[in-house]
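A.B. asks: Fit chain F to the known structure of chain A by using the hints.
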Amino acid sequence: MLRRAAAMAVVLLIVLTLVFFLMRMAPGSPAYLIVGADASPAEIASVERELGLDKPLMVQYATELGRILTGDLGESIFTGDTVSHELMLRLPITLELTMVSLLFWIPLALIAGRVAAARRDTPLDATVRIIGNLSIAVPSFWLGALLVLLFGLYLPGVLPSSGWVGLAEDPMGHLRSLVLPAFVLGLGTFGVTANTLRVSMIESVRTDYVRFGHAMGLPERRINRSLAFRNSLLPTTAVVGQLVGVMLSGSVLIENLFNLPGMGRLLVDSIRRQDYPLAVGATLSLAVFFLLANLIVDILYAALNPRVRQKFAGT
Amino acid sequence: MTTEPLLSVRDLDVLFDTARGRVPAVRGVSFELAAGEVFGLVGESGSGKSTVLSAIMRLLPGVAVANASQMNFQGSDLMSMSAGQLRGIRGTGIGLIPQRPMTSLSPVTPLRKQLRWFLGDMPQSEIVDLLDQVGLRAVAERLDGYPFEFSGGQLQRLLIMLAALARRPSLLLADEPTTTLDATVQAQVLRLILDLRDRLGLGVVFVSHDLGVIAQVCDRVGVMYAGRLVEAAPIGELFDNPRHPYTQALLRALPSRYKRGERIKVIEGTAAGANRLPGCAFAPRCPRAEAMCREQEPETRSVGGALVRCHFPEDAAGANKPKEAAA
Chain A
1 MLRRAAAMAV
11 VLLIVLTLVF
21 FLMRMAPGSP
31 AYLIVGADAS
41 PAEIASVERE
51 LGLDKPLMVQ
61 YATELGRILT
71 GDLGESIFTG
81 DTVSHELMLR
91 LPITLELTMV
101 SLLFWIPLAL
111 IAGRVAAARR
121 DTPLDATVRI
131 IGNLSIAVPS
141 FWLGALLVLL
151 FGLYLPGVLP
161 SSGWVGLAED
171 PMGHLRSLVL
181 PAFVLGLGTF
191 GVTANTLRVS
201 MIESVRTDYV
211 RFGHAMGLPE
221 RRINRSLAFR
231 NSLLPTTAVV
241 GQLVGVMLSG
251 SVLIENLFNL
261 PGMGRLLVDS
271 IRRQDYPLAV
281 GATLSLAVFF
291 LLANLIVDIL
301 YAALNPRVRQ
311 KFAGT
Chain F
1001 MTTEPLLSVR
1011 DLDVLFDTAR
1021 GRVPAVRGVS
1031 FELAAGEVFG
1041 LVGESGSGKS
1051 TVLSAIMRLL
1061 PGVAVANASQ
1071 MNFQGSDLMS
1081 MSAGQLRGIR
1091 GTGIGLIPQR
1101 PMTSLSPVTP
1111 LRKQLRWFLG
1121 DMPQSEIVDL
1131 LDQVGLRAVA
1141 ERLDGYPFEF
1151 SGGQLQRLLI
1161 MLAALARRPS
1171 LLLADEPTTT
1181 LDATVQAQVL
1191 RLILDLRDRL
1201 GLGVVFVSHD
1211 LGVIAQVCDR
1221 VGVMYAGRLV
1231 EAAPIGELFD
1241 NPRHPYTQAL
1251 LRALPSRYKR
1261 GERIKVIEGT
1271 AAGANRLPGC
1281 AFAPRCPRAE
1291 AMCREQEPET
1301 RSVGGALVRC
1311 HFPEDAAGAN
1321 KPKEAAA
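Chains as they are written, first to last, in my numbering: chain A, 1 to 315; chain F, 1001 to 1327.
Bear in mind the hints are in silico, worked out from the structure with no lab data behind them.
Glycine included, each C-beta is placed from N, C-alpha and C at the ideal position.
Keep in mind that a hint or two might mislead.
Said to hold, decoys possible - Straight-line distance between alpha carbons at most 25 Å, and here's what the computed SDA-like set of lysine to any residue pairs gives:
no.: 1; chain 1: F; residue 1: Lys1113; chain 2: F; residue 2: Glu1126
no.: 2; chain 1: F; residue 1: Lys1113; chain 2: A; residue 2: Tyr301
no.: 3; chain 1: F; residue 1: Lys1113; chain 2: A; residue 2: Ile299
As the list claims (entries may be wrong) - Covered, in the sense of this in silico footprint (three residues per stretch, anywhere, with C-beta under 8 Å from a C-beta of chain F), are these stretches of chain A:
no.: 4; region: 79 to 86
no.: 5; region: 221 to 228
no.: 6; region: 300 to 311
So here's chain A without its partners, still in its complex pose:
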């Protein structure tokens, strides 16, 4: 566990370093945010001095690192608000979007994959495979744009195609505003998850435990559920773990497409505005989010696999 925490810290340090230097390598300056695009060089220089941007790069880096280590992410240059406050406003939205998308697609994929494996080489199996492969192949920016067009222009009022409604102000509207983005965000996970489960269950026919189950005359249902499905959950969980990372980067696109004020939007906006502290804070928190998601998946994997569980407990 300690080794894992150390590895996570290293990942975060690398992320921080990359964002810090990449942001400063880009032309332009955050000073324009404050004094406007047609400010004189002298005004820019004075604002940069105020922000500490005139100091040598390594000094800036050391200062920033020291500040972040104390838990202070600084203030947004654009809004003047603290970065942590900005993040607290945005994080729940991305978190909820990802969760809703997972909760919708993963159970569906598990059912589809299991049914397809049990009815192997039937039209039902073929249908699941075709839908699954389509869900992987369809680019989400294309489908997303198409849905925005469809529900925004041709079917107005059916489902909101843009924007965000807070849970407190209108619970139903809140859910409705999540439908389209959550659908597009997780679409690809459906195909990958269903395919993985299906292939794994079909291949489990060759395992010794399924053969022994048959040799002992166990009912087909028992073999399917307790042997083939239960064991196939292991590779499937590992794959879902990878997909959560993919969904996080996908949320950047989806939030911008559907105009949701989540982390993805914050990240794009802060980078575009060269709002250095906010961009660093957003990237870091997405990285933390990603690492935690991986940790949760690994814990889930351990819960499913007694062998790994014992290794966990042993260290």
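C.D. replies: Chain F alone, transformed into the frame defined by chain A:
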């Protein structure tokens, strides 16, 4: 009244559909087994011996096609049974001891739960009693453990308990049950199988590539080569008076028959591809082969107490000596 054999297999053929056409895995195998008898099937890997067991269980993979003029278990034809009927026979009428005990139970479920799948809601005391009977008293206290927490020998005895003892089948198929176990454990497991045979009157088909193991447990032996049963005889007869040239070569290759430092006689050539040959499959490696051996498949004939599939079986008097000896 004629006593019906427990198991009777006639002209069993198994073909595998592969990308390169149909490959015969088992060809024309026939044998009978009486209750209380242990019949060994011995042969190299790929000779089809395990496939015979899968065919009897009707558990061949989807790419396999099996045919037999007869495959009767306790008088009923296994070949014509429905999936439901077969499920009723598996485990209760015919038990199977698998080759790899370490991977034959689900790795992610505690033993207690898996035992319940196989045994139903059996009271704990009965489970403990069953475990006790196969020398697993200690395991009874660790039923919340997972398969990987037990040794191969423990798991194999547990599987034997499930397959042969708990539901009292009358036929036991043992698929190389000791190959993955070390020597001392091997002996325990063999003794357990024989003990159950004595107590329950089980008929056993025992597959192995190890003639030493076969010699310890079997009453009769069938020698398989390239999908064929080339010789079947009572154990003493086979070892004292082998008649098929392949059996003779196998016995000559037994390390225990050689003194230290002496060179062991190997069988020249390989069995690969032999299952597709038109004549006798062993002809290319046979010291006694004549032209007809390569053209014409020998029929099974009875010589002494043995059934031999050879044009020139060596009888007890020593006729048809190998050419090398005659020359």
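A.B. asks: With reference to the structure, classify each hint as holding or not holding.
C.D. replies: To see whether the hints hold, each was checked on the structure:
{"no.": "1", "hint": "F:Lys1113 <-> F:Glu1126", "verdict": "holds (15 Å)"}
{"no.": "2", "hint": "F:Lys1113 <-> A:Tyr301", "verdict": "holds (20 Å)"}
{"no.": "3", "hint": "F:Lys1113 <-> A:Ile299", "verdict": "holds (23 Å)"}
{"no.": "4", "hint": "79 to 86", "verdict": "violated (count 0)"}
{"no.": "5", "hint": "221 to 228", "verdict": "holds (count 3)"}
{"no.": "6", "hint": "300 to 311", "verdict": "holds (count 4)"}
The structure fails hint 4 only (numbered hints given earlier).
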